[in-house]
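Following the hints, position chain V against chain P.
Given next are the chains, with one letter for each unit.
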Amino acid sequence: MDLIQIRGGNLVGHESDSQRTQYPYVTGTSVIGIKYKDGILIAADMGGSYGSTIRYKSVERIKPIGKHSLLGASGEISDFQEILRNLDELILYDNMWDDGNTLGPKEVHNYLTRMMYNRRNKFNPLWNSLVLGGVKNGQKYLGTVSMIGVHYEDNHVATGFGNHLAKPILRDEWHEDLSFEDGVRLLEKCMRVLLYRDRSAVNKLQIAKLTEEGVTVSPPYALKTHWEFNSFKNPTAGAEGSW
Amino acid sequence: MTKAAAIEVPTKGGFSFDLCKRNDMLLKKGVQMPPFRKTGTTIVGLIFQDGVILGADTRATEGPIVCDKNCEKIHYMAPNIYCCGAGTAADTEAVTDMVSSQLKLHRYHTGRESRVVTALTLLKSHLFSYQGYVSAALVLGGVDVTGPHLHTIYPHGSTDTLPFATMGSGSLAAMAVFESKYREGLTREEGIDLVAEAICSGIFNDLGSGSNVDVCVITKGNVDYLRNHKLPNPRTYVTAKGYSFPKPIEVLLTKVTMLREKVEVIEAGDAMEE
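Chain order of the listed sequences is P and V. The opening residue of the first sequence carries number 9 in the working numbering; numbering runs sequentially from there. The opening residue of the second sequence carries number 9 in the working numbering; numbering runs sequentially from there.
The shape of chain P in the complex, shown without the other chains:
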């Protein structure tokens, strides 16, 4: 006599009941974050690509979490919105305790890591790479979580294409105690290279600043680009017929 009913070879309900995220649909491209003298700076553009079309051009991919943290995300936008809902609930419950303690960036980072890793173990990942930055009690914190749950903290992090194009620049030029202007200049340098070389980048970005005082997300703006190379004007001057 079978004590346990096995349907479709699966103990936990039929396989067709559950949906699994196989591939992302609307995606955001790279996010870059750095620590600077007074706190954290995170930059991301405002593009939401639908495959190879740039479908949405005003997607805010950096959001404040509670009083002490900033979250930037690349990857599937709907999964990012789901993460924000979960974090909202987390912060709300924390506020309801009203015990004088608030969730800091380290705690939020840990929560995100657990969330991402557990989803990955069920073969239904949240298709995002997250950048979590924050300042609490003077301590700066900058960490990242990937969609499979790989997490670490560092002085500068980047997701997606930023890993290949921005990381080399950050490794070379980041140093301790950057001023706000220097930090913004460094981020803009990286975002400009990404704009030139990442096909899903758009020229509309936001830079968010987080210090002990609070969060400021800049209004969207565009970067200046330089196309006036002599060689671009007449590229095949010496090589007639080629391109």
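Be aware that one or more of the hints could be misleading.
Listed below are the simulated BS3-like cross-link pairs for lysine-lysine, each with C-alpha atoms no more than 25 Å apart in a straight line [what the hints assert, rightly or not]: (1) K132/V - K112/V; (2) K238/V - K175/P; (3) K241/P - K238/V; (4) K232/P - K112/V; (5) K189/V - K241/P; (6) K238/V - K212/P; (7) K65/P - K45/P; (8) K175/P - K71/P; (9) K238/V - K249/V; (10) K241/P - K228/V; (11) K197/P - K71/P; (12) K65/P - K114/P; (13) K114/P - K45/P; (14) K189/V - K175/P; (15) K197/P - K228/V; (16) K71/P - K148/P; (17) K148/P - K45/P.
With the C-beta cut set under 10 Å, the calculated list includes, among others, these residues of chain V facing chain P [what the hints assert, rightly or not]: (18) I55; (19) F172; (20) N213.
Per label pair, the in silico range of CB-to-CB distance [unchecked claim]: (21) P242/V - D106/P: 38 to 46 Å; (22) M41/V - V225/P: 49 to 57 Å; (23) L100/P - C75/V: 55 to 63 Å; (24) A245/P - N236/V: 28 to 36 Å; (25) R63/P - G140/V: 30 to 38 Å; (26) R196/V - E181/P: 20 to 28 Å; (27) A245/P - H164/V: 19 to 27 Å; (28) E161/P - P242/V: 26 to 34 Å; (29) D185/P - P240/V: 22 to 30 Å; (30) Y84/V - Y33/P: 33 to 41 Å; (31) N236/V - D185/P: 33 to 41 Å.
Since the hints were made in silico from the structure, they are not lab data. Predicted, not measured: the structure shown is a model, and the values here were computed from it. By construction, the Cβ of each residue, glycine as well, lies at the ideal position given by its N, Cα and C atoms.
For chain V alone, kept in the frame of chain P given last:
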């Protein structure tokens, strides 16, 4: 009475793709190709005020193993033209050697200095005819009578003419440096420094690139091949002062006593002469 079977038309020439079909079939069956030596590289080139500067790292890989720590990726094409190669090492070597000898014959025939476009056309038509199976991605640079030129050539045979270019697995790391720091009219020192910086960016941020930086500066009438211009990965030892051995054993006696009598070797030459 005509035969019903199809007439075998002999191939007139060009590349025969039969082996490619065989390889695809084998892959489907699960037979793995043996790993070939790839250069897994960072190669760059840029145009400065007096000519062209080419740069390359020196690591050659066979899958996950570094098989050559200090190989040469900047190949000679002509006295005034050099070519960096990324991709399968055998392919880059063979194709640059072949075009180099074709250029030499052409120089004898015309009595003139080779032009970069000649090398470009010879390379691209060869690669195109092999439909990308010759896995060579090249950065070709040189100075001829028409001025300095820099081209990139892709394995399928397409080319680009650019003021600055990077190829190979480390191309993104190197391009990040070029896109943020390149400007027109660089001097020789600035150009060499920028090329070295881009290659170092590839060496330290890309796993397929490593070891040293080679630089080649080509100007009108002069070439400076700076082999191992920078060595940012020197062999280091645990302590700076080297190994110190404990106090050596005291020498008691220096007399040598033979354990066995020396054996005299008899001349065997006479026996052999029969």
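Hints, verified against the model:
1. K132/V - K112/V: 18 Å, holds
2. K238/V - K175/P: This hinted pair holds, its Cα atoms lying about 22 Å apart.
3. K241/P - K238/V: Between K241/P and K238/V the Cα gap is close to 34 Å, so the pair fails against 25 Å, i.e. violated.
4. K232/P - K112/V: Cα-Cα ~47 Å, so violated.
5. K189/V - K241/P: Given pair K189/V, K241/P holds - Cα atoms ~20 Å apart, limit 25 Å.
6. K238/V - K212/P: This hinted pair is violated, its Cα atoms lying about 39 Å apart.
7. K65/P - K45/P: Since the Cα atoms of K65/P and K45/P sit roughly 31 Å apart, the hinted pair is violated (cutoff 25 Å).
8. K175/P - K71/P: The given pair, whose Cα atoms are some 22 Å apart, holds under the 25 Å limit.
9. K238/V - K249/V: At roughly 24 Å apart (the allowed maximum being 25 Å), K249/V and K238/V satisfy the hint.
10. K241/P - K228/V: 23 Å, holds
11. K197/P - K71/P: Status holds; Cα separation ~22 Å.
12. K65/P - K114/P: Not satisfied, since the Cα-Cα distance of roughly 31 Å exceeds 25 Å.
13. K114/P - K45/P: OK: K114/P and K45/P at ~19 Å, within 25 Å.
14. K189/V - K175/P: 15 Å, holds
15. K197/P - K228/V: Distance of about 34 Å is beyond 25 Å: violated.
16. K71/P - K148/P: The given pair, whose Cα atoms are some 17 Å apart, holds under the 25 Å limit.
17. K148/P - K45/P: With Cα atoms ~9 Å apart, K148/P and K45/P stay inside 25 Å; holds.
18. I55: 7 Å, holds
19. F172: It holds, given that the least Cβ distance between F172/V and chain P is near 9 Å, below 10 Å.
20. N213: Interface hint status for N213/V: holds (4 Å vs cutoff 10 Å).
21. P242/V - D106/P: 38 to 46 Å: 60 Å, violated
22. M41/V - V225/P: 49 to 57 Å: 51 Å, holds
23. L100/P - C75/V: 55 to 63 Å: Distance hint for L100/P, C75/V holds at roughly 58 Å.
24. A245/P - N236/V: 28 to 36 Å: Once the Cβ atoms are compared, 34 Å apart, the range 28 to 36 Å for N236/V and A245/P holds.
25. R63/P - G140/V: 30 to 38 Å: Given range 30 to 38 Å: holds, Cβ gap about 33 Å.
26. R196/V - E181/P: 20 to 28 Å: 24 Å, holds
27. A245/P - H164/V: 19 to 27 Å: 25 Å, holds
28. E161/P - P242/V: 26 to 34 Å: Holds, since E161/P and P242/V (Cβ atoms, about 31 Å apart) stay within the stated range.
29. D185/P - P240/V: 22 to 30 Å: 26 Å, holds
30. Y84/V - Y33/P: 33 to 41 Å: 51 Å, violated
31. N236/V - D185/P: 33 to 41 Å: Holds, at about 36 Å.
Hints 3, 4, 6, 7, 12, 15, 21, 30 from the earlier list are contradicted by this structure; the remaining hints agree with it.
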